[in-house]
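*Asks:* The lines below spell out each chain.
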Amino acid sequence: MKQFLRRFFLIDLLEGLWVTFRNQDPKRIVTEQYPSQRPEVSERYRGAPRLNVHPETQETLCISCNLCAVACPENLIVVGSVRNPETKRKDLVTFTYDLSRCMFCGLCEDACPVDALELTQDFEIASYTREGLIWDRQALEEGPRPTQYRQ
Amino acid sequence: MTSIDSNELVLNMGPQHPSTHGVLRIVLKLDGERVKSTECVIGYLHRGVEKIAENRTYVQFAPYVDRMDYLAAVSNGLGYCLAVEKLMAAVAPPRAQAVRVILTELNRIASHLLWLGTHALDIGAITPLFYTLREREEVLKIFENYCGARLTTHAFRIGGLQYELYEGFEQQVNTFCDQFPGKIDEYEELLSGNRIWRERLRGVGVIDAATCKRYGVTGPMLRAAGVPWDLRKAQPYSGYEQYEFDVPTRTGGDTLDRYFVRLDEMRQSVRIVRQAVAKIPTGPIMAKIAKVIKPPVGEAYVSIEAPKGELGYFIVSDGTTHPYRLRVRPPSFVNLQALPHMAKGALVADVVAIIGTIDIVLGEVDR
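Top line first, the protein sequences correspond to chains Y and H.
For what it's worth, this note's numbering labels the leading residue of the first sequence as 1, then goes sequentially.
For what it's worth, this note's numbering labels the leading residue of the second sequence as 1, then goes sequentially.
I should point out that these hints are in silico values taken from the structure, not numbers from a laboratory.
Ideal placement from N, C-alpha and C gives every residue a C-beta, glycine not left out.
Warning: the hint list may mix true and false statements.
[To be verified] Here are the simulated lysine-lysine pairs, DSSO-like style, with alpha carbons at most 30 Å apart:
id : chain 1 : residue 1 : chain 2 : residue 2
1  : Y       : Lys88     : H       : Lys291
2  : H       : Lys291    : Y       : Lys27
3  : H       : Lys291    : H       : Lys183
[Stated by the list, open to error] Part of the chain H face toward chain Y, derived, beta carbon under 8 Å:
id : residue
4  : Arg56
5  : Glu144
6  : Asn145
7  : Cys147
8  : Gly148
9  : His154
10 : Gln162
11 : Gln235
[Claimed, not checked] Partial selection, computed: residues in chain Y whose CB lies under 7 Å from chain H:
id : residue
12 : Arg38
13 : Ser42
14 : Arg46
15 : Met103
Construct the complete structure from the given sequences, taking the supplied hints into account.
*Replies:* What follows is the structure, given as structure tokens:
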């Protein structure tokens, strides 16, 4: 009899639906609606590289010591510099960072003695072309230029 | 290959088959639905990691080991760091060791969770995958907060750690440890009590202890066959002797037993993590080692209990900054050897279950 009533009033179905509806609670939803909802990446996230400039003078912090290029397992950093005859220091001219080969291990960032090179929290670094992933000094300092798809 | 008789059907399974978990190709020789013999064709993901090691410094090679077993990158990193440390006769400070244990055990949980989800998916139970990925996400968030990457973590450095613990690490790990055992019960409710699941797995892919030893099979597969062999107990490393935990074993050696062993291992991992988090020693996180790592001439072999079995690193040093030779003993590769034995006489549909239960990662098989 009990079994019959259970079946008649669809108790099992309602129990199942209750589980379904319980999981509609906004607190229990774990799916992120990615493009509209931005994921929060952690402070230490290793994403797109950036070459830091001094916030006031806009001069590069890089001292062209080449330590990042030496530390890189993939040899993807090329630092170009000229010796300044007045200050006897090396001035940074070019800085190329080949993101297409980067595995974001963070060894360059650890090697940098002046915190000029940094892997930032920016994670949207896709490009339509291979060339677009080779970042020059301007892209590293100001962020990548937006690219358009062309055939 | 010998001559093919007329009743035999040769079927290539993979390398693009979704349930070979990557790019594994299996040549199945079938007699109707029965598998007469199998042959694994590997190498589709070969990247020459061991050769790359000879052209990198010791520090530079560390990120590459993450890419072998990419589901257990932290374990790979631990094994490599321990091997180089042994070569240099250096020891990581106690604080670093405790953090290493916490992260490796969390990684074991993450690896087993993904195994459970995909294995169930192969067999036809879709729901557990969503559950396991939800919990795995929590572990990956801890990794991301700690070292800045989720999958290929590069969490450890030779001699200790690069990163100090972040604020709220203990709390986040403890929250996970409090919630997680309840979630395992949830999986058990979905699968262990499910008659289809039990009948589907019982007696499939049986391998006994003696055969396991003959093939060199380690990890959960060996323990499911009844051998309580766990390197964390047998040859403790990184301070595992301080923690209390059991080595779960079963006796049947079939796919169902391997499922139970892995579930129990996750529970034991939570136990270890709890103990380790409760008493993280203070102090430095990096041993005093030279900036340029130049181990003395010699060789060292270190093996650890990775989620999939014994993961060993053999390094020969010629006294320079680069390894002279580096050899990896990957658990997946060795365990995969047992596939022809386990699949012989099985049905085609069981081959999928057997591949799943070995828990292979092709990045590690091919290196």
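*Asks:* Which numbered hints does this structure break?
*Replies:* Numbers 2, 3, 11 and 12, in rising order.
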